[in-house]
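UniProt numbering numbers the first residue of the sequence shown as 1 and each following residue consecutively.
Worth flagging that the hints you see were computed from the coordinates, not collected in a lab. None of these values were measured; they are calculated from a predicted model. For every residue, glycine included, the Cβ atom is placed at its ideal position computed from N, Cα and C. Treat the hints with care, since some could be wrong.
As the list claims (entries may be wrong) - Keeping only pairs whose Cα atoms sit at most 27 Å apart, straight-line, the calculated DSS-like set for lysine-lysine is:
1) Lys186 - Lys197
2) Lys186 - Lys349
3) Lys153 - Lys316
4) Lys283 - Lys162
5) Lys283 - Lys149
6) Lys338 - Lys349
7) Lys149 - Lys338
8) Lys197 - Lys316
9) Lys338 - Lys153
10) Lys283 - Lys341
11) Lys283 - Lys197
12) Lys162 - Lys149
What the hints assert, rightly or not - Computed beta-carbon distance windows for the label pairs:
13) Ile229 - Ile65: 22 to 28 Å
14) Val49 - Pro188: 27 to 33 Å
15) Gly203 - Val113: 27 to 33 Å
16) Arg342 - Ile98: 38 to 44 Å
17) Leu294 - Cys350: 32 to 38 Å
18) Glu160 - Gly110: 22 to 28 Å
19) Cys350 - Val113: 21 to 27 Å
20) Met175 - Gly110: 19 to 25 Å
21) Leu152 - Val49: 50 to 56 Å
22) Arg342 - Val291: 18 to 24 Å
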Amino acid sequence: MTFSDLINKSFNGNFSRVTATQLPFDQPLANCSSNNSTKLILNSQAIGVGIFLAVFILFAIVGNILVILSVVCNRHLQTVTNYFIINLAIADLLLSTIVLPFSASLEVLGFWVFGRIFCNIWAAVDVLCCTASIMSLCVISIDRYIGVKYSLKYPTIMTERKAVVILIVVWVSSMVISIGPLLGWKEPPPLDESICKITEEPGYALFSSLFSFYLPLMVILAMYFRIYIVARRTTKSLEAGVKKERNKSIEVVLRIHCRSCHPFRSSLSVRLLKFSREKKAAKTLAIVVGVFILCWLPFFFVYVYYKNLPSETVFKVIFWLGYFNSCINPIIYPCSSKEFKRAFIRLLKCQCQRRRLLYEGGILKVLKLNSVFKKKV
1 MTFSDLINKS FNGNFSRVTA TQLPFDQPLA NCSSNNSTKL ILNSQAIGVG
51 IFLAVFILFA IVGNILVILS VVCNRHLQTV TNYFIINLAI ADLLLSTIVL
101 PFSASLEVLG FWVFGRIFCN IWAAVDVLCC TASIMSLCVI SIDRYIGVKY
151 SLKYPTIMTE RKAVVILIVV WVSSMVISIG PLLGWKEPPP LDESICKITE
201 EPGYALFSSL FSFYLPLMVI LAMYFRIYIV ARRTTKSLEA GVKKERNKSI
251 EVVLRIHCRS CHPFRSSLSV RLLKFSREKK AAKTLAIVVG VFILCWLPFF
301 FVYVYYKNLP SETVFKVIFW LGYFNSCINP IIYPCSSKEF KRAFIRLLKC
351 QCQRRRLLYE GGILKVLKLN SVFKKKV
């Protein structure tokens with residue numbers, strides 16, 4: 001049997017039926033070109049998302065460092081309230097440096113590359129930082145209520161030692177809430193280690209949402225409602241008292257030129273001034289709390305009802321909206337507080353001023369050396 005006979009036998013004499021239309025050579029070429037274009041689009045999208053998230057993370061890190069340094073480098077900003085603000089900035093800074101870079105890599109790559117153990121640690125630190133942030137805001141709201149309600153007694157009520165104890169309680173409570181999944185309170189992990197996500201175990205989701213967000217939120221809203229009522233009443237009474245004392249002092253000065261009423265009048269004015277400062281600080285922090293609620297409420301609402309979520313894309317947007325809060329606070333402080341604005345400007349200009357001073361100092365040294373040389377000659 002010849003080679004041609006074998007071919008004819010294998011195709012049963014129908015070799016002529018194998019036409020060009022039946023050959024799949026052109027189809028793989030078309031698929032390759034379409035796959036390449038799809039990959040190119042996906043790669044360009046991933047690069048765009050990566051650049052955006054990198055800028056976002058860098059902004060959050062630099063902004064929160066500026067907040068911390070503003071208080072550390074300026075004595076007049078070293079108050080108990082600002083220590084709580086520093087704690088909030090530290091929580092946001094930890095989130096920006098430890099959590100967000102890995103969240104960004106997961107978002108860009110589409111899969112987890114750091115292993116199962118680090119995935120569990122990453123998720124726990126995420127919950128820790130977010131819980132510490134909202135508990136710091138809860139403490140700040142209580143602090144502002146005391147400052148507005150008892151403006152004169154505030155320094156004796158809220159001391160630095162008490163502030164340190166409160167901050168320790170904040171971080172210990174946050175650790176207790178976040179450590180649950182590390183101790184096994186979670187759903188069984190997927191076999192594929194490239195999948196990493198926060199636990200959806202219903203019991204822990206309800207527990208963490210309740211104690212990390214909803215209960216502190218109720219305290220915050222109650223405190224700021226009380227602050228609003230107290231501020232409104234106190235402002236009216238103090239302004240009326242100052243006006244009344246001014247009228248009395250004018251009458252006394254005109255009749256008997258008595259100066260005994262001035263100390264009382266000045267103390268009332270000082271109280272009004274101090275109260276106004278406390279109220280202004282409360283307004284600034286109310287903006288911070290409002291933005292925090294807008295950023296995190298959608299996530300904690302969806303987190304409890306995750307099974308009814310319409311799409312994964314919606315969850316990702318809501319998830320990153322919560323992270324966005326970490327970089328928005330450093331914008332609020334200088335916009336709402338002149339003291340923080342001045343501190344930010346000083347810090348940003350510090351490097352340039354040092355360079356200018358070094359440059360000018362070098363020129364002065366050269367001029368002095370030239371003058372000495374001329375005198376000797």
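How the hints compare with the structure:
Proximity of Lys186 to Lys197 is assessed by CA-CA distance (about 11 Å); at most 27 Å being required, the pair is judged to hold. In summary, the hint linking Lys186 to Lys349 is not supported, as the alpha carbons are separated by about 49 Å, beyond the 27 Å threshold. Simply put, Lys153 and Lys316 have alpha-carbon atoms about 47 Å apart, too far for the 27 Å limit, and the pair is violated. At roughly 23 Å between alpha-carbon atoms, Lys283 and Lys162 fall within 27 Å of each other, so this suggested pair holds.
Only pairs whose Cα atoms come within 27 Å are accepted, and Lys283 paired with Lys149 is accepted, the gap being roughly 14 Å. Straight-line distance between C-alpha atoms of Lys338 and Lys349 comes to about 16 Å, which keeps the hinted pair within the 27 Å bound. The suggested pairing of Lys149 with Lys338 holds, with an alpha-carbon distance near 23 Å, which does not exceed 27 Å. Pair hint Lys197 plus Lys316 holds up; C-alpha atoms about 11 Å apart against a cutoff of 27 Å.
Simply put, Lys338 and Lys153 have alpha-carbon atoms about 25 Å apart, close enough for the 27 Å limit, and the pair holds. For the hint pairing Lys283 with Lys341, the CA-to-CA distance comes to about 16 Å; that is within 27 Å, so the pair holds. About 37 Å separates the Cα atoms of Lys283 and Lys197, which puts this hinted pair outside 27 Å; it is violated. Proposed proximity of Lys162 and Lys149 is supported: the alpha carbons are some 18 Å apart, at most 27 Å.
Checked against the hint of 22 to 28 Å, the pair Ile229 and Ile65 fails, with Cβ atoms roughly 37 Å apart. Distance hint check for Val49 and Pro188: the Cβ-Cβ separation is about 30 Å, which falls inside the suggested range of 27 to 33 Å. Checking the proposed 27 to 33 Å range against Gly203 and Val113 shows it holds: the Cβ atoms sit about 30 Å from each other. The hint said 38 to 44 Å for the Cβ distance between Arg342 and Ile98, and at roughly 31 Å that hint is violated.
Checking the proposed 32 to 38 Å range against Leu294 and Cys350 shows it holds: the Cβ atoms sit about 33 Å from each other. Checked against the given bound of 22 to 28 Å, the beta carbons of Glu160 and Gly110, roughly 48 Å apart, lie outside it. The supplied range of 21 to 27 Å is broken by Cys350 and Val113, whose beta-carbon atoms lie about 39 Å from each other. For the hinted restraint 19 to 25 Å between Met175 and Gly110, the CB-CB distance of approximately 31 Å leaves it violated.
Checking the proposed 50 to 56 Å range against Leu152 and Val49 shows it holds: the Cβ atoms sit about 53 Å from each other. Look at Arg342 against Val291: about 22 Å separates their beta carbons, and that is inside 18 to 24 Å.
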